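*Asks:* Protein chains in written order, with this note's numbering: chain A, 1 to 543; chain B, 1001 to 1543.
No lab work stands behind these hints: they were computed from the structure. The reader is advised that the hints may include incorrect statements.
[As the list claims (entries may be wrong)] Label pairs and their computed distance ranges (CB to CB):
#: 1; chain 1: B; residue 1: ARG1537; chain 2: A; residue 2: ALA407; range: 18 to 26 Å
#: 2; chain 1: A; residue 1: ALA407; chain 2: B; residue 2: ALA1123; range: 31 to 39 Å
#: 3; chain 1: A; residue 1: CYS142; chain 2: B; residue 2: LEU1543; range: 36 to 44 Å
#: 4; chain 1: B; residue 1: ARG1098; chain 2: A; residue 2: ASP522; range: 34 to 42 Å
#: 5; chain 1: B; residue 1: ASP1126; chain 2: A; residue 2: GLN520; range: 39 to 47 Å
[As the list claims (entries may be wrong)] In silico contact screen, one side only, chain B against chain A (beta carbon under 10 Å); selected entries:
#: 6; residue: MET1001
#: 7; residue: ARG1032
#: 8; residue: ASP1180
#: 9; residue: HIS1412
[Said to hold, decoys possible] DSSO-like cross-link-like pairs, simulated, lysine-lysine; straight-line CA separation at most 27 Å:
#: 10; chain 1: B; residue 1: LYS1127; chain 2: B; residue 2: LYS1072
#: 11; chain 1: A; residue 1: LYS229; chain 2: A; residue 2: LYS127
#: 12; chain 1: A; residue 1: LYS509; chain 2: B; residue 2: LYS1011
#: 13; chain 1: A; residue 1: LYS172; chain 2: B; residue 2: LYS1172
#: 14; chain 1: B; residue 1: LYS1127; chain 2: B; residue 2: LYS1229
#: 15; chain 1: A; residue 1: LYS168; chain 2: B; residue 2: LYS1172
#: 16; chain 1: A; residue 1: LYS168; chain 2: A; residue 2: LYS509
#: 17; chain 1: B; residue 1: LYS1072; chain 2: A; residue 2: LYS471
#: 18; chain 1: A; residue 1: LYS168; chain 2: A; residue 2: LYS72
#: 19; chain 1: B; residue 1: LYS1509; chain 2: B; residue 2: LYS1471
#: 20; chain 1: A; residue 1: LYS509; chain 2: B; residue 2: LYS1020
#: 21; chain 1: A; residue 1: LYS172; chain 2: A; residue 2: LYS127
#: 22; chain 1: A; residue 1: LYS509; chain 2: A; residue 2: LYS172
#: 23; chain 1: A; residue 1: LYS229; chain 2: A; residue 2: LYS172
#: 24; chain 1: B; residue 1: LYS1168; chain 2: B; residue 2: LYS1127
#: 25; chain 1: A; residue 1: LYS20; chain 2: B; residue 2: LYS1509
#: 26; chain 1: B; residue 1: LYS1072; chain 2: B; residue 2: LYS1020
#: 27; chain 1: A; residue 1: LYS127; chain 2: A; residue 2: LYS72
#: 28; chain 1: A; residue 1: LYS172; chain 2: B; residue 2: LYS1168
#: 29; chain 1: B; residue 1: LYS1168; chain 2: B; residue 2: LYS1509
#: 30; chain 1: B; residue 1: LYS1471; chain 2: B; residue 2: LYS1172
Remember, predicted model here, so these are calculated numbers, not experimental data. No residue lacks a Cβ here, since even glycine has one placed at the ideal position from N, Cα and C.
Listed below, chain by chain, are the residues.
Protein chains: 2
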Amino acid sequence: MTHTQAWQELKEHHRQISTKHMRDLFSQDPQRFERLSLSFEDLLFDYSKNRITDHTLRLLCALAGQCGLEDKIGRMFAGERINCTEQRPALHVALRNRSSRPIHVDGEDIMPRVHAVLDQMRAFVDKVHSGAWRGFTGEPICDVVNIGIGGSDLGPRMAVQALTPYHKPGIKVHFVSNIDPADLADTLAVLRPETTIFLIASKTFGTQETLANAHGARDWFLQAAGETKHVARHFVALSTNRERVRDFGIDPANMFPFWDWVGGRYSLWSAIGLSIALAAGMDRFEELLAGGHAMDEHFRSAPLDRNLPVVMGLLGIWYVNFFGAATQAIVPYAQHLQRLPAYLQQADMESNGKATTCDGRAVCCDTGPVVWGEPGTNGQHAFFQLLHQGTRLIPVDFLVPMHSHYAPGEHHNILLANCLAQCEALMRGRTDAEARIQMEAQGLDQADISRLAPHRVFPGNRPSNLLMFDKLTPRILGILIALYEHKIYVQGTLWGINSFDQWGVELGKQLAGTILTELQEDGALSEHDASTAGLIRHARRNL
Amino acid sequence: MTHTQAWQELKEHHRQISTKHMRDLFSQDPQRFERLSLSFEDLLFDYSKNRITDHTLRLLCALAGQCGLEDKIGRMFAGERINCTEQRPALHVALRNRSSRPIHVDGEDIMPRVHAVLDQMRAFVDKVHSGAWRGFTGEPICDVVNIGIGGSDLGPRMAVQALTPYHKPGIKVHFVSNIDPADLADTLAVLRPETTIFLIASKTFGTQETLANAHGARDWFLQAAGETKHVARHFVALSTNRERVRDFGIDPANMFPFWDWVGGRYSLWSAIGLSIALAAGMDRFEELLAGGHAMDEHFRSAPLDRNLPVVMGLLGIWYVNFFGAATQAIVPYAQHLQRLPAYLQQADMESNGKATTCDGRAVCCDTGPVVWGEPGTNGQHAFFQLLHQGTRLIPVDFLVPMHSHYAPGEHHNILLANCLAQCEALMRGRTDAEARIQMEAQGLDQADISRLAPHRVFPGNRPSNLLMFDKLTPRILGILIALYEHKIYVQGTLWGINSFDQWGVELGKQLAGTILTELQEDGALSEHDASTAGLIRHARRNL
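Chain A extracted, bound-state conformation (with noise of 0.2 Å):
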């Protein structure tokens, strides 16, 4: 990327550009709003509160036209080896196909494996809603357990919550990941073994976290069941190893799996989504996917200068190597996609936390930023401060819908005007004429306003991207979810990384295990550096 005639120019677009206020730039050109904003079908994306021109989009989309973007999403969607390390097809956008269109792997279409896995997670949904599944007294199903952890937990656990006003009465979804054993002592300390099923999501089914947490739910499940053969009634498994699903007591015909082209942190979308389909129905789930392959059907044909995810991820590209943002804030003005943030951190982190090229070289420019968030308006009360009078430039992500699904009125209005205006003060800022004479108009002494009005200065200038919708609809929720993915690939494909992989999680697994033997047994310790060694001992005196 580096190299491209592009890259050059942007480089000297940017010395140009960076001494710019966007006050300015928005005081010269009345139509900037309607020019630097898209819309999908009710998403508003506003990102003309950038530090951009016209001149700099051109750029951007050159650079990507340069890096053979178009032809890299045309791979993804034919099911070409993208994930180039592990040679797999990436096909997240397989699993939400709602076209007629085949898509082949090996030479297979592999739409009617998605299909099956589709009717089965129905069939499954439908008899816990209607209380013909029932536990091992006979009593209907009450509550569910996803056991899981990184991508078998974050997308999940994310969508249950964004979809809280769609929930089945009766039924409440739980979510356990941490090894932590607080973690599935909180959970369990709420529920029946009678009325409970446990949902075990890992791919091997050998994650260590998961497969811990799902023996002790076991334990404590046959501690009130007694017999194992019940089991089979109050645990399903959400993997691809039968066998190893079989030895823990599931049932092989409620193993719902996926495939090698499913990654972790793509898989809400495939039977991992088993907890969203329980929690709001798997017609519900039906539109999350609808929403997610809407916005694929428009990455993959829009223009480059007319398509959400590839003009988002360019405008990340600009800040991360021009302006040398090491951070992206996600910012929804939504309780409901608190965990939005979370669930993003490892799409774009794992994914584009790199820097070796898909060919094996050293990347020569920064990859992937921090991603990270709260809610709005908590955030406000919180880290605002440094966004607005920091001394670090944070592009900032705002989500809001326009409307509520809870009581209309003034307290979601509220809300929406505190999101606007945050993204409106980011841009302009304060100057110091307009401190003092808000000052003096609040009758403060002269005194006070020269001693103050350093303090009560906002730079502006500082940029943001608005993505306001209607309301919080699984839909809406599956639209951004996509958006985001393809934003990343965007990203790594202009990066030259394969953001598919996942390497750097390795070595320190692999630590973990000699650790955890010598800290329970004594005898000499392998090689460790003296702080490593140290805190063994350490930790061996006081366990």
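Since chain A is already given, all that's left is putting chain B on it; use the hints.
*Replies:* For chain B alone, kept in the frame of chain A given last:
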């Protein structure tokens, strides 16, 4: 700070040390762990896995000395007006002052007032726990809802979750913060008005979100209770505004006050902590205070180079100002510390996210970083990829208890082993040769080994602190929170900024008022940029 001699020496020293790998620093110095770690009670603070030598630490302490840190610490404890812009002391240390030393503000010893509120809290908590306090139908109280935002929410919420094993049976504490009506609606959905009390936490009793939610709760309550006289049995205030509290229907005898020398983000030690005391009991709350006080005594008396908050603060400055680190990750290996990162996000970013010095000049170096994180081991399956193999240097604080309150044995040992392994992995990394040897041992062929090796290399040399302690008790929680508070003060002092104001929250609030009116009324808009105006019009058409 940048004009000190120590700063110049640190710049030169950084040039030398930035090329060194911690692996080599460890292998050259067998005593590195012993020397670069500190103990405080049962807390072990290991900072040996940082990119420092003894010389670095000497220079950093010299920097602190040349910035007058010791004097500034003394000024805080002496009650001087260190919150210079608002001309107030910052005396959260008085709230947990368990010594018999008086603390004076304007010549008055404030300790009797602090103790009087603690007595008032104890009496109330005891009444609720004993069942002497009853709801309007005569039933005892089962549920407590804290309605507050920012500092009136994040601290108590974090601490209540942290102290889960100490919760009183029969009482459950809930938190509502967001103006989004979903937040209150979700909480009320599981409550009975007859057995619920609400704590309205707002210093001014005028915070927009808190008042809106308080009125929403009051309406919900009155639908069941009918008569407004019952409000006083179900609503209490954590506030200083007696008049507004009374107007709301709360008995002023049930107003728990605090003072203008308590900043919102430092207020969990004050009456704002009432929800903590209701959850875990007043004795536990006082153990929390005692932990904070113990750290205070350490902070004010330990020499700089053995002083935990000082060393931690200086290490942060080393990374922010010399290595250009833009963020600080907080990763507690304890599910009950899940909200610690969000708590510290406010504590740190609202305190030090500033660019103007106390005397009104622009800072000439970067200040507070973005603070973010999620619990381990969850984070390992999410963003750790980027920590290990991304292009950015991200200092990490790991926190881990050696013992669990829950089932002893393997689960918790796995948690601990993973924590130690991540510190080790970040520090040592994995070389190309090590990656190849490992793949050879796994029997991969040479072509695959060569193809994969660059992806399986970890650069290492990534810094972390480890805070390891026995068990997550109220006392250690107090110690840890006070440690971070003082760390933040150390950094603010060196940067020359005021860590106790928050002017940066003003502008957005002001603009939101204007926009709210415009959303709800027709007619011409006031002066906005084209984007804000366009968005308001779009929303108006759809509301």
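*Asks:* Any hints from earlier that this structure breaks? Give me their numbers in increasing order, please.
*Replies:* 6, 10, 12, 16, 17, 18, 19, 22, 26, 27 and 29
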